[in-house]
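Given chain U, work out where chain Z should sit, using these hints.
Listed below, chain by chain, are the residues.
There are 2 protein chains.
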Amino acid sequence: MSKVHNFSAGPCILPPEVLKGAADAVGQFNDLNLSLIEVSHRGKDFIAVAEKAVGLVKELLEVPEGYSVMYLQGGASLQFLMTPYNFLKEGGTAAYTNTGTWAKKAIKEAKLFGNIEVVASSEDRNHTYIPKGYTIPENADYFHITSNNTIYGTQVMEFPETSVPIICDMSSDIFSKKIDVSKFDVIYAGAQKNMGTAGATLAIVKDSFMESSGRAIPSMLNYKIHASKESMFNTPPVFAIYVSMLMLQWMKDIGGVEKIAEMNKAKAELMYGEIDRNSMFKAVVDVEDRSEMNATFVLNDDSKQDEFNAMWTAANISGIKGHRDVGGYRASMYNALPIESVQVLVDVMKEFESKNA
Amino acid sequence: MSKVHNFSAGPCILPPEVLKGAADAVGQFNDLNLSLIEVSHRGKDFIAVAEKAVGLVKELLEVPEGYSVMYLQGGASLQFLMTPYNFLKEGGTAAYTNTGTWAKKAIKEAKLFGNIEVVASSEDRNHTYIPKGYTIPENADYFHITSNNTIYGTQVMEFPETSVPIICDMSSDIFSKKIDVSKFDVIYAGAQKNMGTAGATLAIVKDSFMESSGRAIPSMLNYKIHASKESMFNTPPVFAIYVSMLMLQWMKDIGGVEKIAEMNKAKAELMYGEIDRNSMFKAVVDVEDRSEMNATFVLNDDSKQDEFNAMWTAANISGIKGHRDVGGYRASMYNALPIESVQVLVDVMKEFESKNA
Chain U
845 MSKVHNFSAG PCILPPEVLK GAADAVGQFN DLNLSLIEVS HRGKDFIAVA EKAVGLVKEL
905 LEVPEGYSVM YLQGGASLQF LMTPYNFLKE GGTAAYTNTG TWAKKAIKEA KLFGNIEVVA
965 SSEDRNHTYI PKGYTIPENA DYFHITSNNT IYGTQVMEFP ETSVPIICDM SSDIFSKKID
1025 VSKFDVIYAG AQKNMGTAGA TLAIVKDSFM ESSGRAIPSM LNYKIHASKE SMFNTPPVFA
1085 IYVSMLMLQW MKDIGGVEKI AEMNKAKAEL MYGEIDRNSM FKAVVDVEDR SEMNATFVLN
1145 DDSKQDEFNA MWTAANISGI KGHRDVGGYR ASMYNALPIE SVQVLVDVMK EFESKNA
Chain Z
845 MSKVHNFSAG PCILPPEVLK GAADAVGQFN DLNLSLIEVS HRGKDFIAVA EKAVGLVKEL
905 LEVPEGYSVM YLQGGASLQF LMTPYNFLKE GGTAAYTNTG TWAKKAIKEA KLFGNIEVVA
965 SSEDRNHTYI PKGYTIPENA DYFHITSNNT IYGTQVMEFP ETSVPIICDM SSDIFSKKID
1025 VSKFDVIYAG AQKNMGTAGA TLAIVKDSFM ESSGRAIPSM LNYKIHASKE SMFNTPPVFA
1085 IYVSMLMLQW MKDIGGVEKI AEMNKAKAEL MYGEIDRNSM FKAVVDVEDR SEMNATFVLN
1145 DDSKQDEFNA MWTAANISGI KGHRDVGGYR ASMYNALPIE SVQVLVDVMK EFESKNA
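Residue numbers (our numbering), protein chains in the order written: chain U, 845 to 1201; chain Z, 845 to 1201.
Pulled out of the complex, with its shape left as it was, chain U reads as follows (with noise of 0.2 Å):
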C-alpha cells in the first residue's frame, strides 16, 4: 500500500510496529489461544501489560519517588473536572492561564467548584502567543497550565516558578522532550497523540498533594482511590493501554525521550524554516512560542488554496488542513511522524513556491 504522511492532530499517526502489535494481540495474546480483548484484566497476562505500562512511563519520564502513575478513562476532559474535585478547596481558589480553546474547557468546568482567577490570557490576539511574566495568587488551591496547544500550535517552553503546586495538560506533548516532573503536583493527558490511541488517560500525580480539596470524591473521580488499585479500581480500557504500552516501549527502544526531543527538534527546524523561507506562507505564532507539535501556518494568498491543497492531496499527504477556528493548515508532527514525512511536505511547498514564481 502507497505511503500516507499522516499530519493528524489526534487520534494521529502511530509506528507500524505499534499498529502490528496491537493487531496481532487482538488476534492472538501471548499464548493463550485468546484475543488480548476476550480475557481477564486481572489475569497475570494483562496485569504484566499495565505493570509495564506504568514502569516504562516512570522510566521514560524519570517520575520520582512519591508520585503514582496511573491510566485512568474519559481523556483529558474528564481531568478537567476531576481536577478540581480533587484539589480546589470549598471556597477555594485557583490560578488558570487561558491559552486556548483546551484551557478554556478546563477554567469552564473548574468554576463549578470554585474561584478560579485567570492570571493569564493570550485572547487578545487569538492565542498566538504564550502569555509570560504573569503572577500567580500565593493562596492559590493549585496553578493550572496547558503546555501545547494544538489547536493554535504554540507550546511553553519555560513554566513559571511558583511555590504554588502546577497542574499541567501535557496532552498534546508528553513524552516530546525531557521534562522534570518534580516541578508539577499533577500532569495529565489523553494518550492519543505521543504515547498511544484515544481511549486511556495517563495521570501523574504527587502523592502527598492527592484529596487536598478536602471533599468528598466519588470513587471513579478520586486519584488517590484509582493510585491504590494500580488501575484497576474497575475495568480498564485493555486495548489502549496495551497500545501504549506498545508505543513507549517503542521510543524506549529508539532511544528514550532524549533522542525523541532531537527529532522532534529537527523536525520543528525543517517545516518552520521552509514556512520561514517560502514566500507563498507565513506563520502563525511568535517564534519563541512555536510549538514542536503543531505548527500552524496560512497563504499569503487565499486564493491560491485549492492549488496549493491539490498539490498535498496529490503527495499522499493527509490531516494538515487548519482547525476551524485559526483557517489556513496545522502540520502535527507528533513522536510517531519520520521525518521523512516531512520533508515530503516541505517538497510540495517548495514546488508550489516555484509553480508560482
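Among chain U residues calculated to face chain Z with C-beta under 10 Å, some are: (1) Ser852; (2) Asp868; (3) Leu880; (4) Phe924; (5) Pro1080; (6) Ala1084.
So the derived label-pair ranges between C-beta atoms look like this: (7) Glu967(U) to Gly935(Z): 35 to 41 Å; (8) Glu1005(Z) to Ala892(U): 47 to 53 Å; (9) Lys1194(Z) to Glu1074(U): 36 to 42 Å; (10) Lys955(Z) to Lys1096(U): 40 to 46 Å; (11) Ser1072(U) to Lys1165(Z): 22 to 28 Å; (12) Asn1122(Z) to Gly1058(U): 53 to 59 Å; (13) Asp1146(U) to Ile1069(Z): 33 to 39 Å; (14) Pro860(U) to Ile1069(Z): 33 to 39 Å; (15) Glu967(U) to Glu906(Z): 46 to 52 Å.
Worth flagging that the hints you see were computed from the coordinates, not collected in a lab. Keep in mind the model is a prediction, meaning the values are calculated, not measured. Backbone N, C-alpha and C fix where the C-beta goes; we use that ideal spot for every residue, glycine too.
Okay, now just chain Z, sitting in the frame of chain U:
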C-alpha cells in the same frame, strides 16, 4: 491453534468474526491506507462507524422515539455517579435495590448526592436470590436496579411496576434477550460482556428525563451534552466503539436479539440441567432467579476440587473459577459463547461424576 472454551466473566469471549474484523481494522481501515486507531474521530470514516453502532443499538433493542443512545467512557462505575448527578435532586431521595457487589457500589456513590433508600436487599442470603414484592416510595426521584448480578449468578426476570423512573444497570445482560426500553428512563451497560470490549459504555436515556436533578453538572458527566454531541463531545474510545459496532452487526446477522435469546436459553438449560442432574454439584441460586448469563455452582465435596480443576483445564476450558465472594465455579455464557463450549463443560462434569461413581 487449539480452541479455548472461554467462560470468562468479562472482558469475555467475542466471536471470531469480530476479532478478525477488529484486528484487520487496526492494520488497515477502509481504503485509507491508515489504521483505524490513527485517523481523526471527526473524519467521515469514523463518524460512519459511530453512527452505525448507535443505529444498530436502536434497531436491535427497538429503542423508541424520545430516547438518546450514546457511547461513553468509564464503565458502569462512572455511571454509578453520573446517574445521581443527573437525576437525583438536591435533598431528594432515590430508591435502590441491593442485589450484590455492583449494586452496592452504585449505592455507595449515590449516597454522596442525597438520600438513598435501599428498598430491597438479598444480603441476608449472600445475594443468592432476587428480592421481590418490595415497595418503591412514590416520591423517589428514581429507582435503581441491577438486572444481572455476574458475581452471584442472579438475574431479574421481571421488573417491578412503578410510576417512579427506572434506572437499570444492564452491564451483564444487555442484548441477551428482548427488553421493553420504554419501561426505563435510563439503561446503561459497560460494553465488555455482551456488546464489545472494555473501554466503551452504552447509555440509553429518555430525553425528557435529562438534567432532572437540577444540579450544575460538569460537561463530561452530563448525558444531555453527550447526547447533543452524538458521543463526540471529546475524543471517543475509537477502537472500543468499532468493536462494539462489529459485535452489534454480528448479533444482527445471526438473527437479532430474539435469536440470541433462544441461543442463550438453550445454553442455560443445558448448563443448569447438568448442574441439577449431576450428583457431584449443586447450584447456588434459587431456581427462579438463576442468571442465563452466569451459572454459579459448587462441588458437594470440596476435597474433589483439584481433580475437577485438572479435568476442565485439560479440556481447554478457561475462566470458570468462581468469584472470591462466592467460591466454587461460575460459567459465564455471554452472547458470543457457543453452545459447543457449554457441551464440553457438561461432558467434563459427566466424566467427573463417572470417575467418582
